[in-house]
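Chains as they are written, first to last, in our numbering: chain E, 11 to 71; chain B, 672 to 1050.
Hints are not guaranteed to be accurate.
[Stated by the list, open to error] Simulated pairs of lysine to any residue, SDA-like, Cα-Cα distance not exceeding 20 Å:
1. B:Lys984 - E:Glu23
2. E:Lys26 - B:Pro1020
3. B:Lys1004 - E:Glu43
4. B:Lys995 - E:Thr16
The set of hints was computed from the structure by calculation and includes no laboratory data.
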Amino acid sequence: MKSNLTFDKAFNELKKLVDQIEDDKIQIDTLTEKVEEANELINFCETKLRTIETATNKLRK
Amino acid sequence: MPVITKLSDIATEIDELIQNKYAGKTFWITAELSGVRKILTKSWCYIDFTERNKNGETTIKGVCWARNYYNIELFESTTNTEFKTGIEITCKVSVSFYKAKGYPQLEVLEIDFAHAVGQLELEKQKTLKRLIAEEKTIKYLPDGRCRTANNSLELPKVIQRIALITASNSDGQRDFKNVTLTNKFGYAFSIQEYLTVVQGNSASKLISEKLKLIKQDKFDVVVIVRGGGSDTDFAAFNDYELAKVAATFPIPILTGIGHDRNTSIVDLMARQLRTPTEVGSFIVDRNKSFEDNLLQLQDNFFQAVDDLIVDRKNTLQQFKQTVKNLHPDSILKKGFAIIKSNNKIITNPKDIKVNSELQTILKSEIIHSTVNKKSKNEK
Chain E
11 MKSNLTFDKA FNELKKLVDQ IEDDKIQIDT LTEKVEEANE LINFCETKLR
61 TIETATNKLR K
Chain B
672 MPVITKLSDI ATEIDELIQN KYAGKTFWIT AELSGVRKIL TKSWCYIDFT
722 ERNKNGETTI KGVCWARNYY NIELFESTTN TEFKTGIEIT CKVSVSFYKA
772 KGYPQLEVLE IDFAHAVGQL ELEKQKTLKR LIAEEKTIKY LPDGRCRTAN
822 NSLELPKVIQ RIALITASNS DGQRDFKNVT LTNKFGYAFS IQEYLTVVQG
872 NSASKLISEK LKLIKQDKFD VVVIVRGGGS DTDFAAFNDY ELAKVAATFP
922 IPILTGIGHD RNTSIVDLMA RQLRTPTEVG SFIVDRNKSF EDNLLQLQDN
972 FFQAVDDLIV DRKNTLQQFK QTVKNLHPDS ILKKGFAIIK SNNKIITNPK
1022 DIKVNSELQT ILKSEIIHST VNKKSKNEK
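Work the whole structure out from these sequences, hints included.
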């Protein structure tokens, strides 16, 4: 995963992928590849989100 | 040897003459007070009345005894003017002879306030008109207030650095400092005092001089307070020069000159609050509302962050589910299969002819077969 990737970029990319995966016309050949890519982005987004949550909780104190 | 007449006999004779002429008569006079000596312990007041005209001046001594002394107190409280040398009054007097000192004198019986109030107001209006005419930055507003360069300056959202112009050891000084320095929210203030007299003939000049000492970048506001003890004489604050300095002063000025009935010209040029205590409360309240706004913004900020995080988490959860459901493995697990022919995934049955070689891909195995028949799926 690229190091300069932001949450928003990853999230928007993920949205596009999910749309493509849900599309009936998707070639089954590319499905596996896209699903793997999507999973990677989901992991990235979840990690980022946890970091942001921890940081804002610290600010609140 | 000449015949000696006693002084007291002459005095008695003069007294009789004057009594014959003036007994029971009263006069209304308008004159300047050229000398005022109050005997507070007895409630007496010795006065010199002077009239000036082109032929020179006339002075007659006068007195106000205890029985009419309330007139002086009433005059001072009604007109906000100290009964002192230099002012002009209209009053009712009787004429008598002061035998012990040997001079005729006027006894004050009544003082006309309307005249004094009128004079002061006239003077004030004249000064105001001149200011408006000569200072282009001063605009007279329909509600009787004025817009000036000074009171158009934006007040800082937080006021902490204060230049305080006041009289040393005055109630005004004490009240203002008390309200600000011991505020219950614990806000810190730095107050630099510029002590001066705030009433009397030289007050306006001294206040102007203090103002000029105040450095622009060192203070958020200038506070001018007066009051508490004496409720008389705020003529200094109707002074043309002082008003002009205040109107164009580059730091916002807050006044608490401590009089309810009247607004001075300096009040009109600046931002007027009634009393020193009110100026203090105004500043503390302003800081409080800034802090409240800030806390509110902080709340809103964290709320927005929370909402965003929850929203993204939910969406991610949905994405996760969708992706999982559409993963080829999940599909194969449900009993579906992928059919390949010549290493190509078949999505269109027309691509398959009878006798073609097919691979049917299941979750754990691949089945190789040959097509021996094709028919329509009638469902």
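To see whether the hints hold, each was checked on the structure:
{"no.": "1", "hint": "B:Lys984 - E:Glu23", "result": "holds, 16 Å"}
{"no.": "2", "hint": "E:Lys26 - B:Pro1020", "result": "violated, 30 Å"}
{"no.": "3", "hint": "B:Lys1004 - E:Glu43", "result": "holds, 18 Å"}
{"no.": "4", "hint": "B:Lys995 - E:Thr16", "result": "violated, 24 Å"}
Violation of the numbered hints given earlier is confined to hints 2 and 4; the remaining hints are satisfied by the structure.
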